[in-house]
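Those protein sequences? They're chains A and B, same order as listed.
In terms of this note's numbering, the first sequence opens at residue 21 and continues consecutively.
In terms of this note's numbering, the second sequence opens at residue 6 and continues consecutively.
Careful, some of the hints might be misleading.
[As the list claims (entries may be wrong)] With a straight-line cut-off of 30 Å between C-alpha atoms, the simulated DSS-like cross-links for lysine-lysine are:
id: 1; chain 1: B; residue 1: K110; chain 2: A; residue 2: K104
id: 2; chain 1: A; residue 1: K121; chain 2: B; residue 2: K330
id: 3; chain 1: B; residue 1: K382; chain 2: A; residue 2: K121
id: 4; chain 1: B; residue 1: K193; chain 2: A; residue 2: K104
id: 5; chain 1: A; residue 1: K121; chain 2: B; residue 2: K256
id: 6; chain 1: B; residue 1: K314; chain 2: A; residue 2: K104
Hint data in this document are derived by calculation from the structure and do not stem from the laboratory.
These numbers were taken from a predicted model, which means no experiment stands behind them.
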Amino acid sequence: MQDRKGLLLLLFVLLMSQSAVVAEDSLVVVMGSDSDVERLTREQVVHIFLGRFRRLPNGLTATPIDRPQDQSLMTDFYQLLVGKSPAEIRSYWSRLIFSGKTAPPRQAGSGQEVVRWLAETPGAIAYMRPDECPPQLRVVLRLGP
Amino acid sequence: MSQVIDIPLAAISRLAFACSALLLAPAATALEASLGSTDLSLRGFGTLGAARSTDGSAELVRDLSQPHGISDHWSLTTDSLFGLQVNARFSPELEAVVQAVTRYKYDETYNPDLSWAFLRLTPNPVLTVRVGRFGTEFYMLSDSRMVGYSYNTVRPPPDYYGTLPFNYLDGLDLAITHPFAGGLLTGKLFTGQSREQSPLGAPPDFDLNESLLIGGYLEYLDGPWQIRLGQTSVRFDNDLPLESFYQQLPKATADELRVKDQWSHFSSLGIVYDQGPFQSQLMLSKTDNEHGTFQDTWAGYLQLNYRIKDWTPFLGLSFATSDPKALSHPIPPVTDPYQLDFYSNQRTVFVGARWDFYRNVCLKAQVDVIRGSADSKFLYRYETEDWDGSMTIMSLALDFVF
Numbered sequence: 021m022q023d024r025k026g027l028l029l030l031l032f033v034l035l036m037s038q039s040a041v042v043a044e045d046s047l048v049v050v051m052g053s054d055s056d057v058e059r060l061t062r063e064q065v066v067h068i069f070l071g072r073f074r075r076l077p078n079g080l081t082a083t084p085i086d087r088p089q090d091q092s093l094m095t096d097f098y099q100l101l102v103g104k105s106p107a108e109i110r111s112y113w114s115r116l117i118f119s120g121k122t123a124p125p126r127q128a129g130s131g132q133e134v135v136r137w138l139a140e141t142p143g144a145i146a147y148m149r150p151d152e153c154p155p156q157l158r159v160v161l162r163l164g165p
Numbered sequence: 006m007s008q009v010i011d012i013p014l015a016a017i018s019r020l021a022f023a024c025s026a027l028l029l030a031p032a033a034t035a036l037e038a039s040l041g042s043t044d045l046s047l048r049g050f051g052t053l054g055a056a057r058s059t060d061g062s063a064e065l066v067r068d069l070s071q072p073h074g075i076s077d078h079w080s081l082t083t084d085s086l087f088g089l090q091v092n093a094r095f096s097p098e099l100e101a102v103v104q105a106v107t108r109y110k111y112d113e114t115y116n117p118d119l120s121w122a123f124l125r126l127t128p129n130p131v132l133t134v135r136v137g138r139f140g141t142e143f144y145m146l147s148d149s150r151m152v153g154y155s156y157n158t159v160r161p162p163p164d165y166y167g168t169l170p171f172n173y174l175d176g177l178d179l180a181i182t183h184p185f186a187g188g189l190l191t192g193k194l195f196t197g198q199s200r201e202q203s204p205l206g207a208p209p210d211f212d213l214n215e216s217l218l219i220g221g222y223l224e225y226l227d228g229p230w231q232i233r234l235g236q237t238s239v240r241f242d243n244d245l246p247l248e249s250f251y252q253q254l255p256k257a258t259a260d261e262l263r264v265k266d267q268w269s270h271f272s273s274l275g276i277v278y279d280q281g282p283f284q285s286q287l288m289l290s291k292t293d294n295e296h297g298t299f300q301d302t303w304a305g306y307l308q309l310n311y312r313i314k315d316w317t318p319f320l321g322l323s324f325a326t327s328d329p330k331a332l333s334h335p336i337p338p339v340t341d342p343y344q345l346d347f348y349s350n351q352r353t354v355f356v357g358a359r360w361d362f363y364r365n366v367c368l369k370a371q372v373d374v375i376r377g378s379a380d381s382k383f384l385y386r387y388e389t390e391d392w393d394g395s396m397t398i399m400s401l402a403l404d405f406v407f
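Can you make the complete structure from the sequences, with help from the hints?
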C-alpha cells in the first residue's frame, strides 16, 4: 500500500517536471560578428555561463553576459540550457562567489547594453530571443524546444 | 549548562544585525561601484537558524569549532551566522577577495573572523592561483559550508563535515582546468597554515595555529556528472591542551597520544549527479592518523534532492564510524577512556525541504534521526550518563544572500 503511494507520488513529480520544460520559446546564443567563433556546442556554452571553463575555441577568454532585468528571458535561458530554475542558478553562484572562485556573468542593464558590450568586448557572449537579434551579431548556438 | 543562556546578549545584538541585514537584503542586490579601473562589489550571506533535539543528555555540534551543540531547547546558536564579502577586481586577470563571518565560535563569542583575504590571479582560463587566506577544501563542498543559501540542508551533514574544525588557511593554491575526453578535468594543489582553534569542552582550546596543511584534488566533470578524488594532510603544530594528563603517563605511552608534529590524512571521494530538477550527492571519506588520539574514521553521506517549482524536498543518509589506534604501550584503564572520547559510531537519516519563496531568500525545515552507540562521543559535547547515542533533531533556517 505504502509502495503504491510512493510510486504515485513519483509519477506525479515526473509529470510536473515534464510540463515545466515544455513552455519556453527558443533562444539564440550570440557573439559579435567580428569574433571568429562560428559555433559553440551546448556543453561549451554551459561551461562558459556556469564559470567552469571560459576559453573559446579561438583561444580568447569568454565574457558571458546575463540579463537580470529581463527575468523571463534569463529564466528561459537557464531552463533551456541546464534545466535549472533562477533560484537554483542563484544558489549555484552563491557557492562559487562566497568560496572565492569564478566571477559570475557580467550583468547588463538592457538589451542595448548587451549589443554594445558584444561589439566592444572581444570574447563577449550573450543570449536573446531570435526576433530581437540584430544582423551584426552571429548566432553561435540555438536553444529551443 | 547555563552558558548557552548566558551568551545571548552579544548573540542577540549580532542576530538583530543579521536580521536587519536580511530585511535590507531583498531590496539591495550586491552593491557595486567602480574606482578608476577597479570594480568593487559588496555582497553578503547569512542564516537565521533554530534547532533543538529531543534529548538533553548530549549536545550534537555542527562542527568541532563550536563549544556547545544542539540541546533540548530551541536555540539560534548552532546555525545562525552572517558574512560580508568585498571583491575588488583590478583587471579581468586580478581580483582581491576579503570576507568576514560572525558565528558562534570556539570561545563562545560571535567575534567576526576574517575568513578570506586573498589575491586571485587568472592569467588565462586554464590556470588560477590564489595567495592569502582562503577556504579549506578537504571535501567537495567544504569551502562553502557557511553559505546556507548554496545548499538544501539546514547544515552540512555533521557526520561527514563535523569533524573538520578547519575553515580557512593562510597559504597558496594553484588550479589547472582543461578539457579532457569530452569533459573538464581540474587539478588543484594547496598548502598553508591554519590559524584556528578547536574547543574541547573547557578552556584551554586545542590550538591549531601554525598546523601545516597540504592537499589537492582531481575533479572530472562531464555533463551531469562531477567526480572528485581529494587528499589533504595536516601536521599539527601543538598538542591537545592536556599536558598534565600526558605528564602522568609513562613517556612511551604519552608520545603515542601526542599529536604535535604528527600527521592526520584525509582522503575523500565525491560524486555529484545533477540533471535538471534532480540532484544527488554521494560523499565518502577516510581519515588516517599517525598518532593514537584522533581515530581512523570512515564517514559518508548520500543525499537526494528533487525540485518541484519553488520547493526542493530532500532525503539523506549519513554515517561516521571510527576505530581507535592500537597502542604499543597502552594502559587500558587510562588510555581506553581517553581514546573513547574521540570515538564515532552513528548513522543519521535526514529529511526536509527547502522553499525558495522569495528572490535570494529561502526557508528550510529538516528532521535528523540519529542512531548510534552510547559511546559515540566525538561529535557531541556535555554527554551525561543518560546518553544512549540516539536523538532526533528538528531544525528551521532562513538563508539569504545579497
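Tested hints:
no. : hint             : result
1   : K110/B to K104/A : 35 Å, violated
2   : K121/A to K330/B : 38 Å, violated
3   : K382/B to K121/A : 35 Å, violated
4   : K193/B to K104/A : 28 Å, holds
5   : K121/A to K256/B : 47 Å, violated
6   : K314/B to K104/A : 10 Å, holds
In this structure, the earlier hints numbered 1, 2, 3, 5 are contradicted, and the remaining ones agree with it.
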